[in-house]
Amino acid sequence: MSATTQTPKAAPSGSTAPRAARLLGDRRLPVLVTAALFIAMYAGGLSRYQNYGFAEPQVFLNLFIDNGYLLVAAIGATFVILSGGIDLSVGSVIGFTTMFTAWLVERQGLPLLLVVPLALAVGAFGGFLMGYVIHNFEIQPFIVTLAGLFLFRGLCLVISKESISINDASVGTLAQTRVSLGMGDLSIGAVVALVVLAVAAYVLHYTRFGRRVYAIGGNEQSALLMGLPLGGTKIAVYTVSGFCSALAGLLFMLYIQSGDPLHAVGMELDAIAAVVIGGTLLTGGSGYVLGTLFGVLVLGLIKSVITFEGTLSSWWTKIATGVLLCAFILIQRTMTARRKT
Amino acid sequence: MAEPQPVLEMTGIVKEFPGVRALSGVDFRLFPGEIHALMGENGAGKSTLIKVLTGVYSLDGGTITLDGESVRFGSPLQAQQAGISTVYQEVNLCPNLSVAENIFIGREPTRAGRIQWKRMRKEAAELVDRLGLDIDVAAPLSSYPLAVQQLVAIVRSVGTGDRDGAGSGTKVLVLDEPTSSLDRDEVLELFRLMRQLRDEGVAILFVSHFLDQIYEVCDRMTVLRNGTLVGEHLVRDLDQVGLIELMIGKALDQLEELHEHQMRSDVGETLVRAEGLGRTGGITPFDLQINKGEVLGLAGLLGSGRTELARLLFGADQPDSGKVTIGGKQVSMSAPNDAIAAGVAFCSENRKSEGLVPDLTVRENIILALQAARGWTRPIPASQRDELVAKYIKALDIRPADPEARVGRLSGGNQQKVLLARWLITQPKLLILDEPTRGIDIGAKTEIQKLVVSLSEDGMSVLYIAAELEEVLRLSHTIGVLRDRRLVARLTNGPEITTSKILETIASGEHQ
Amino acid sequence: MTTTSRWRALTHHHLFWPVAVLIALLLVNVPFTPDFFSINMTDGHLYGSLVSIVLFGSPLILVAVGMTLVIATGGIDLSVGAVVAITGALTCSYISDQTDQNTLSAVFLAMGVGLVAAVVCGLWNGFLVARMGIQPIIATLIIMVAGRGVAQLITDGQIITVNSEPYKLIGGGYWLTLPFSIFVVAAVVAVTVALTRRTALGLLVESVGGNAEASRLVGIRSTRIKIMVYMFCALCAGIAGLMISSNTSAADGNNAGLWIELDAILAVVIGGTSLLGGRFSIGGTVVGALVIQTLTTTIYTIGVPTQTNLVFKAAVVIVVCLLQSPKFRAKVFGAKGPKGPRRDAAPVEPAPAPDAAPKMEVSR
Amino acid sequence: AKEDGSSAAAAGSGSKAITLGFSQVGSESGWRTANSDSVKSAAKEAGYTLKFSDAQQKQENQISAIRNYIAQKVDVIAFSPVVVTGWDAVLKEAKAAKIPVVLTDRSVETSDDSLYVTLVGSDFTDEGRRAAKILEKVLEKAGHKGAVKIAQLEGTTGAAPAIERAKGFKEVMEADHADDWKVVVSQTGDFTRAGGKQVMAAFLQSNPDINVLFAHNDDMAIGAIQSIEAAGKKPGKDILIVSIDGVKDGFVAMSEGKINAIVECNPLLGPQLMEVVKKVKDGETVERWIKTKESDFMQDQAKDALPTRKY
Ligand SMILES: Nc1ncnc2c1ncn2[C@@H]1O[C@H](COP(=O)(O)OP(=O)(O)OP(=O)(O)O)[C@@H](O)[C@H]1O
Ligand SMILES: Nc1ncnc2c1ncn2[C@@H]1O[C@H](COP(=O)(O)OP(=O)(O)OP(=O)(O)O)[C@@H](O)[C@H]1O
Ligand SMILES: [Mg+2]
Ligand SMILES: [Mg+2]
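Residue numbers (our numbering), protein chains in the order written: chain A, 2 to 342; chain P, 272 to 783; chain V, 71 to 434; chain F, 1175 to 1485.
Here are the simulated distance ranges between beta carbons:
1) V:Asn233 with F:Asp1412: 20 to 26 Å
2) P:Glu516 with A:Gly233: 44 to 50 Å
3) F:Lys1452 with V:Asp226: 27 to 33 Å
Hints in this document: simulated from the structure, not taken from any laboratory. Given the structure is predicted, the values throughout are model-derived calculations rather than measurements. Here a beta-carbon is modelled for each residue, glycine too, at the ideal position from N, C-alpha and C.
Make the full structure from the sequences, and use the hints.
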């Protein structure tokens, strides 16, 4: 009882700081490792396919052009995954958006200016609904978004079983516009994707909403007890994901200038894989949207490498994709693994 | 104290859980500028009352009036906005965020919607400083031990109630067992802060099983028993014995019994010997010896490495150096299994994340360790299992005494007892108890201490860690003193050893 | 008094809602197929809608049962579809190489080869998840992608047709007038239940899924358990693969078991097992799988136009999930329910979710 | 292309090995695999350098493959489009790079016809029409009287072959048999045997009076046959079956009398493609649409045709 108030404090800050810094560094490590491995892989591609034009800067920029929509979708998925949820409806919403816009523009003759916000609103509303059900009825996100996957894919087919080609002039010009960067150029889609990336990074790091997403992913119940608006945040996260998917759908529509009911089948898995490869934990609360960028680039690069290889038969393509993915994940894992528990 | 309007008034509160009536018609009032203790045994309904108040649970009956207005909160957020700031019993923070963020999340300083990280860290550091804590607020919360986390939770609730425009500042501060893992120093620091807030007119609701603390800081108390109101008293009108009798409904005098016992010093041969055991970034290599039937208490300040030492002995963390022999045989400490096989049991201080499996029943949680040791192919026969479980539920007085109840729904203290039962059932040679009395009521606490004594008399060795020095002193044959994650002294208990002697050793850090 | 309390007990049973949905779905068929419930003898075996639901649903039940255990440990296995394809491909290509495809020994050997391959896949998944600490979705995604390639490699991208009577029995044959697959499913379910409830495996699996770190500290060898569970799941998928290929007497490396993982996960969840891990119910999973198979059959029989298949499926999934959500029931039926007030207690309480548990799993 | 460029300089542009970039849809069926094999072996025989890539049923993969071929400066690009729409942008890029494009297997919808040189392949709609025509013969041969109740097993919902085969069939049916033919049930069997079997089992329950089955491919027909047999009926007699493709197993079933007629859809267009590629490379003009050699088979031709089936 007779405690002397001057008893020395344990663990002076000097000794805790490095340990703390190391732990904090740990969270960024996966991103750094993914980035490093991406560069290594790219260098590997350079040396192997240098005679096939791999070295051209445009091949690198093509990674952005060809995966811009995936990046946007994966950014949406990052929000959801950071909050500890999952969204399986991404691919279907993308497919639906292409179909929906194509149908409105071509069959109904609505101007693109009207169709774009409408499509975005529909996507966001779909996400909102899923979030609402997940939160209010406490149904597992996996299942609700799986139902969303079925629903949106089904709606695609309800609109039309056949694909619809978009001949609208403004779509054509938008699709073909290139932004020159000197060493090569980027499409509108790629630029939009990069802008979305920047906005997402800002939102996650610098707004209260962003931090709430992390908090909920860290421990949902604690977040609730800490007085965070759990429901609002969760619903918002799925709305963001729905919005991003719809935007990705628009970019995809620009990319291929058509709507097709079977577009983007299974793209949710690509998006989730990109997020996870980028170092985000599926259980939520840890990860960076920048990692997602590298995740997308890695997936894109795997695809490019396989095309450049050029001699793989159909099944070897799948096996090679799997093996590359596996090698990547294993290396990433061993490099980020903490020395000892 | 005074007789002004109560700031908070709860009347006829009823809360039912499937099969349990946790609160039946409880009345409770709280006046501005007082520290009010909510007392009761484990499972009496204290936490439930708090959760009903702050909207975590819905109300099944009764009314709540705040500032003369009838209220009913749908979520902790609403309660917070109305000026009720709460620290719940278990640490409820986000381990993945930094300390600063945990303190500020939901009301971060912003400019034009942009979080000002620098300012936030600075303010957080100041707040943490006010509680006399010296930690890096930018580090993730998970890198700190439970006690620090508990302090951070307190800082969050007291320090920032007045921000966020929405509310008119904190009117009511609720602290549900905030001191369960804290050291004397931190407790004093906390009390200073509480008094300061009280003087500013904040009403504080305080829950603790440490009666001394209640008498030290509280003005008034409300006693609950089995979900019913027993009475409301001014602290100065009721002495400790009277209080305990109110809480448990009968008289109590076991404490003396313990004192008689502890002079015994005939301990057997060496059971555990650790040589040069250590872990970089954790604890400096140490030598330690525990004899058969010996109770070895660990003393040290918060973060001095008691838990780390215990974890190394159990193989919960992997040592970088040194070796451990148990009963003469060297044991590889690569995983807890090895230690368990050698007869070591470890009851973690962090029952929520390292102890219980909340979805499983009391029965399943109790037999888990024994079953794991037997392997999955040899299930414990049902009759034997039920008998064992029933025996320990009775012995430790776990309430509700229903082996099929989900552990996650038990009150904090009862959860702790389940954890104890789990390890006792394995009949270990060395039982490591890391703060086994955390959150346990006064009656059960003496029970557990008596249990430790009788176990050691039966030849079991015990490594005992407790936040309260007196507790360590009362039970141990030998006391290991830690400082800055280094084992600095080993004192043989005797009449000359007192708490101040131990504190001195800690302060000087000298070797024996 | 007693009847209402018995009713309450019934509606609170964890299988009540899945079974109710199953029955409702079966009844929906009656207006479209009047003799839906009739079963008659054809060619010495039973024939009828109910029989074909069980027959065609068998592979899904098997896969879902294996998946249940994986999910109970807090994991997920996306590779089951690919494992189905690999097993079928290996077995069929082995059988088709035989001069006499009807020899029992060759068929058994072929099935053995297929199942061993499946178990190896499971071992690999388990290794990645439990040993390397890779997140289950990603770890199993590898075989999901590459495995199908392997299956096609084995079949050379062609559909391999076999003409083996003994092999045909497993997935398409009849025994004692019933589809043989019923017996296989019954056996696998019985073994699973025995394995998990008669031994302590179930408890340990639930513990690992409920709180991984706590399980480690009580000395459960969770690595071993997880690897076992993934292997078991792959084995179930392998048997399902045999069944699917035997059912059509052909192995189709590309399409066999395509997207079966999603249906299996759906079945597990409809059966009441949480994707967060912990408590699981094999019985629930079986009912869940039957619900999905009945739904598929219903879509075929009631004449839903093809393009609305998915919308219909989505609608049913949503309804099933909503019905199962206590919170939804409280909101919609709560007011009229027999004893309203007692109800809302549970939902408002934030589920003491095993929040720490899954995190430990992946970060370790 | 740099290496090739140097060797070309030495050998002269005329005799230089042609580099062909071929982007396949995927490997979703035996038909497709036979198609890929045919292209590969024909390229080898012709001595071309073949860059082959598999798009795994994804248009975006195919587009990026084509982009890569453009970057690699192949001589000719050929591909089987995953879907019919959405090719304008990438084909324009190819045109700008002066790389001629040949379509195989199915056509695309473009705003500008000059974006591709020619299409080597069949016409799904026409296959549907042919199926309807041959069904007439089958009915006649079987001496069928009374209403024709048709069950249709569709391909993957949304896939071009499924849509167009159904369309072609319907066209003829509505024109010539509006009163006596009726499609009573139609569902997707996803082009697979398992799908065909399951769907047919359900059909037989809900509509036991079906007497004709039109399957969009042989595999579904083969699956359906098993269900018909399980229901105690005789495929080819109680239920007349017409299907499309002409894979080997289909012919086996037909020779056993279980399928009544097959409309061939020939995947072996490799040699034809190589010829076209050569012509295109040499700047010769070719027809816009080079149809593959295909025929229709009735049951009695099955036995003779069977040994000639390669896939
Ligand atoms: N979510 C729940 N579901 C069911 N029963 C519950 C739940 N929460 C609490 N209970 C029960 O309500 C009773 C009161 O519990 P409470 O947590 O309020 O006790 P307490 O007074 O805080 O005890 P302690 O001092 O041990 O923390 C206990 O019997 C407990 O088992
Ligand atoms: N007050 C503190 N300031 C900074 N770091 C601390 C503090 N307390 C604990 N730590 C950290 O905790 C680690 C040791 O914690 P450990 O849990 O072993 O201590 P303990 O003596 O068991 O304390 P507790 O009372 O929390 O159980 C050290 O590595 C140190 O980094
Ligand atoms: Mg409590
Ligand atoms: Mg400690």
